[in-house]
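For the protein sequence lines, the chains are A and B, in the order given. Residue numbers for the first sequence, in the numbering used here: 2 to 698. Residue numbers for the second sequence, in the numbering used here: 93 to 267.
Each hint should be verified, as a subset may be incorrect.
To be verified - Listed next, the in silico SDA-like pairs over lysine to any residue satisfying Cα-Cα at most 20 Å (straight line):
id : chain 1 : residue 1 : chain 2 : residue 2
1  : A       : Lys203    : B       : Arg251
2  : B       : Lys246    : A       : Asn50
3  : A       : Lys203    : B       : Ile141
4  : A       : Lys199    : B       : Lys126
5  : B       : Lys126    : A       : Ser602
6  : B       : Lys102    : B       : Asp155
7  : A       : Lys640    : B       : Asp250
8  : B       : Lys126    : A       : His66
9  : A       : Lys203    : B       : Asp250
10 : A       : Lys640    : B       : Val144
11 : A       : Lys518    : A       : Gly280
12 : A       : Lys199    : B       : Val146
13 : B       : Lys126    : A       : Lys518
14 : B       : Lys126    : A       : Glu601
Treat the hints as calculated values from the structure; they're not laboratory data.
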Amino acid sequence: MNQQSTRQIINEIRGTRVVPGVCIVCPWHCPTEVFVRDNNVVYVRGNENAPNRTTRCVKGISSIHLSRDPDRLLHPMKKGKNGNFKVISWEDAFSVIAEKLQKIKEKYGPEAVAYLWHLDSNEVFSQQLFVQLYGTPNWSGHGAACDQSRRLAGLVTYGHPLPTKDYENSRFIMLWGEDPLGPNQSLHENRELVEAVKRNAKLVVVDPYRSRTAEKAHVWLPINPGTDGALALAMAHRIIETGAQDAEFCENYVYGFDAFAEHVKANGYTPQWAEGVTGIRAETIIELADEFAQTKPAVMDGLKGIVNYSNGFQALRAIFCLNAITGNIDGPGCLILKEAGPLLPPIEIPEEEIAVPERPNISTAMGYPLAPDIPSQLLPKAVLEGDPYPVRALFFHIVNPAMSDPNTLLFKRMMAELDLSVTIDVYMSETAQLSDIVLPEASMFERAEVRESLWSGPQVILSQPAIPCLGDSKPLYEIMKGLAQKMGFGRFFQWETWEDWAKYVTSFLPVSFEELKEKGVWQGELRYHKYREEGFQTSTGRAEVYSELLAESGYDPMPVYEEDHRVKPDSEYPFQLINAKMQNHCGTHTQNNPYLMEIESENWAEISVRDARELGISDGDRIELTSPIGSVTIAARVKEGLKPGIVRVLHGHGFGRTMGSIARGKGSHVNPIFDSQVNPVSGGIGYNECKVRVKKV
Amino acid sequence: MSQYGFYFDKEKCVGCRACEVACQVWNGSNQTVKWRNVTTLTRGQFPEITGVNVSMACMHCGDAPCKKACPRQAISKSEETGAVTVDQSKCVGCMLCLWACPFGAPKMSTKGRMEKCNFCQERPMGIKRACEEICPTQAIVSGLIDELANFSKKNVADRLSYTEGGGVVLGHEGT
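Looking at chain A on its own, in the form it has when it is part of the complex (with noise of 0.2 Å):
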């Protein structure tokens, strides 16, 4: 059981050398180690300097295959007029891209320029040659797809957009429609989860579905779908109402207190309400409402379950303000407002060479001033209409919205409508096949990263390239350097090898640099109560429950509960269709893989036994799903563990999948089914907003 300088030992039985990486499959972003043996990886396991010591998930294992997959993308390729794909050369490629962009710039303007990406660091490259200097402020990450509203509601309530949890020191854990053991997070927290669950901490998972995480908890609350914010205005109902909040932190540390006591109190968000709306009865909330007030330190959080609904931002809000009144933040066991590790840009662009913007971002122009990222599945109308602006050329990093998002048939009237659609991958995505020029991408074995981790205090990773780029992939940094050429501004990313410019974003770390390509990481010190002396990121520099922002912004200052937006069942359409991730995949870009594949090859939509047997479905029967907008067949599976009423589907197959030999014709695709529909504050993407009526074929 001695774990000491293991990386040695292995490299002598596999005549291997370790080479540290970041695993990229999923956005918790762990550090690894890679060991590599005539430039193949040979084996892949954490980084035993870092928190999550040498695991890995089942991803992150698997992933090794990425390292040799002969379906990547090697070539840069154009889309000729029959609509084939042509190999061409880098040079040309960047050539047409590059007088494409000038064009745009000069008819519509560079706001016409949109980039997405997905969370690569390296993407700080496309920032500075997108945003700062072509001028386009439309440059954004998966947000709305993904996290945008915990994050907006941490930046309201903490001034934070992603907190970390300390579980290990935590004594009652709630966690709402999150589901760290299942799809996975941050390895070193979902290993401290389990052994602060086997110390006896209270886990208390709420979500319909009966999910990894609610296997291991005390107390599994299966919940209407949609109203969590209810249950979380009721326990901060019943704390102020029995004065439990910790009223010296609420003195010294919250805004607006009094107001929200009022506010819930006004509003009659009591437990008695919320059993009829929740569905979980009055006592049970009251108990859990009290044992959470008492217990400390304490931790609530939310995730994916929530943020899928058009409430899911207020729901996140309520959460939050009960950490807020009862003083479990910033502390051990609590939600940690986590301090980034001092890094550099990598390149330095004078102040007068940065481009200003003469319209907002698009975000801001559709209405959403708040939100983190770009609501992408507003973009067709952006294209198609030209509403606020007109939209003339998409850039897609290592996303796959023809995969991901709502809608997918409006996804592809949008790209057929485009000036430009270039797709940067290392698979040849449903996007890439629908974009005019494809550009082939380094995997994460192939290229170096520095990075903040999600460790909770400063933690910087430094990947570095293990074996050769395949075929003629490049890193993204170099496809950057090689467009900024071509785009008049090679003056600016000039750097011999990733060294270079490595060696400067991590000059001002307190590490040298030969240490820090040893290890892998560099960790900082982690520091509790920061809010004590720097106070919180906020306007009012303290905790908000009352948001000035938001009531600046014209939403409502404290968390609401409100149903209006909600897509509910109805009699034709009597099921609520939820959407989750699988254990064994990540998004849409795992399904390639072997190890994978073998483990699950198709997703499914899942249904309780009550309503299986009500509808004459068994396990594995092909079911139809029909919304409103379309229907799907797909493979079902019955299920004890969900809530009647309900159907979850698992995303990420299907679309015939054509990006490699493995993921063809795999599983059904559930996008076509969902509408575009969007958190009214956070501007996120609404998957759980779907209703259908279920048949068996």
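For chain A, the structure is supplied; the task is to place chain B on it using the hints.
For chain B alone, coordinates are given in the frame of chain A:
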């Protein structure tokens, strides 16, 4: 003789199957079928449901039934580590070992011979096995059987140290 083995904590296992793939990746060159498998079972009716996730390979039994059952003496037990391994050159693929094994550990390979967990035989004792090294929640632990028993006791003590109230614990803990 020393006896090494696996400790498995069903309270920690989340059924993710990373251990299966870790075993495949590490032992890829001589593994044609999965040596380690995760089984997830649930029972009960909504909303009162219980369940378990179990990850199992070979238990490397002290008195291995597979070894006794093998008509070709293809299965041996290491004096040094207690690991039970199969000599593929002697195996004829009769599967009597599978009949004898209480855990279904022996698997028929695509080559018509029996294959099973070899306790990551290249790895020296004292470092983690591949499944254990990768397991996100560290539900799998390998080691000397005596050490594993003590490890388990330490876990219980750790849990009790968080229990508030009286110093005397009678019988089994509640949940």
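Unmet hints by their number, sorted upward, for this structure: The structure breaks hints 2, 4, 6, 7, 11 and 13; every other hint is satisfied.
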